[in-house]
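A.B. asks: For reference, the chains in residue letters:
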Amino acid sequence: MELALKTACAMRLGREGTLDYGSELDAFLRDVEKRAFRIAVMTMRDADEALDVVQEAMIRLVTRYGRRPSEEWRPLFYRILKNRIHDWHRRRIVRARVLSFFGGHDEDEKDPLAAVPGPSEDNPLEDLEANEALAALGSALGALPARQREAFMLRTFEGLDVSETAIAMGCSQGSVKTHHARAVSRLRELLGEEWS
Amino acid sequence: MNSEHDNGESELTRRAKELFDASVANIDVATRSRLVRARARALERGGQSRLVASFLGARPWMVGGGALAAAALVAVLVGQGPELPDARVEVAALGDLELLLAEDEFEMLEELEFYAWLEEQPELEVREPADDGVG
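If you read the protein sequences in the order shown, they are chains A and B. The working numbering puts the first sequence at residues 7 to 202. The working numbering puts the second sequence at residues 356 to 490.
Excised from the complex, chain A in its bound form (with noise of 0.2 Å):
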């Protein structure tokens, strides 16, 4: 049944000649997908519930906005995981709101080291340091508010241009700047002179 559907889907596409607008989408998932991965990690401190949040983002993306032009399909990408994310911590607290309810705890807590990759083996000195940076660097993302994490992650680490991140965001051009400056401020004060 389930490969009668993918023949049917396969020729469907093929007929309607959007075989390389599938091809073209699954590039442009290949391209963004890693980052996007980390991105969440970063975010959230979970890597499983951040792979689940990145495929749910990805589906949504492809049934819901894959015939729009693909320069569109990063901002509109990274708007949906935000929103994913922004769902799934919203759920961890009506989780715990309702744990606390009945007397219990999440068992789901993270250690926030989670979020760090382990040490390749070529080179555990230099790969430590890095990952103690890298560390930093989240815990002190993790202390901005959402709208200044956000703009700094998808402009500094996405590279998504004021335009682009705007609509990411759901915000005007001139916040995503605001927001970009005063993150770049307080990561600067809070990672102190070695970062500046």
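Hints were generated in silico from the structure; no laboratory data involved. Ideal Cβ positions, reconstructed from N, Cα and C, are used throughout, including at glycine. One should not assume that every hint holds.
Said to hold, decoys possible - FRET-style restraints, in silico, Cβ to Cβ: (1) B:384 - A:102: 15 to 21 Å; (2) B:372 - A:54: 37 to 43 Å; (3) A:29 - B:373: 28 to 34 Å; (4) A:100 - B:370: 35 to 41 Å; (5) A:151 - B:370: 17 to 23 Å.
We have chain A already, so just place chain B on it with the hints.
C.D. replies: Using the frame of chain A, we list chain B on its own:
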């Protein structure tokens, strides 16, 4: 001051980006493999949804019938539900339900047109952060 600030900003963002890029490059094989599978699932779902959309497009009465059935189901469930002592509890519960259903609360296609319009408007003056840099 400006120059110093700019240099500091670029050094910080450069270092942050380097660390981030390195962490992306160091993603382990198992996670990469899971990301590949996630992408394949997304593309597969995309193909299926286009097929369904095409199917329903030829049978619009099914969409209306589905909406009617959903409305009837909601009416039955609400009618049979226990009475809530506090209206605020009901509102909160509905909010949580909406959240747990995890449906997008926005229509980005319309918003894109709004942002395109917004971009054409004269830029609002952005207030620079205060000297103490606190956001």
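A.B. asks: When the hints from earlier in the document are held up against this structure, which numbers fail?
C.D. replies: 1 and 2
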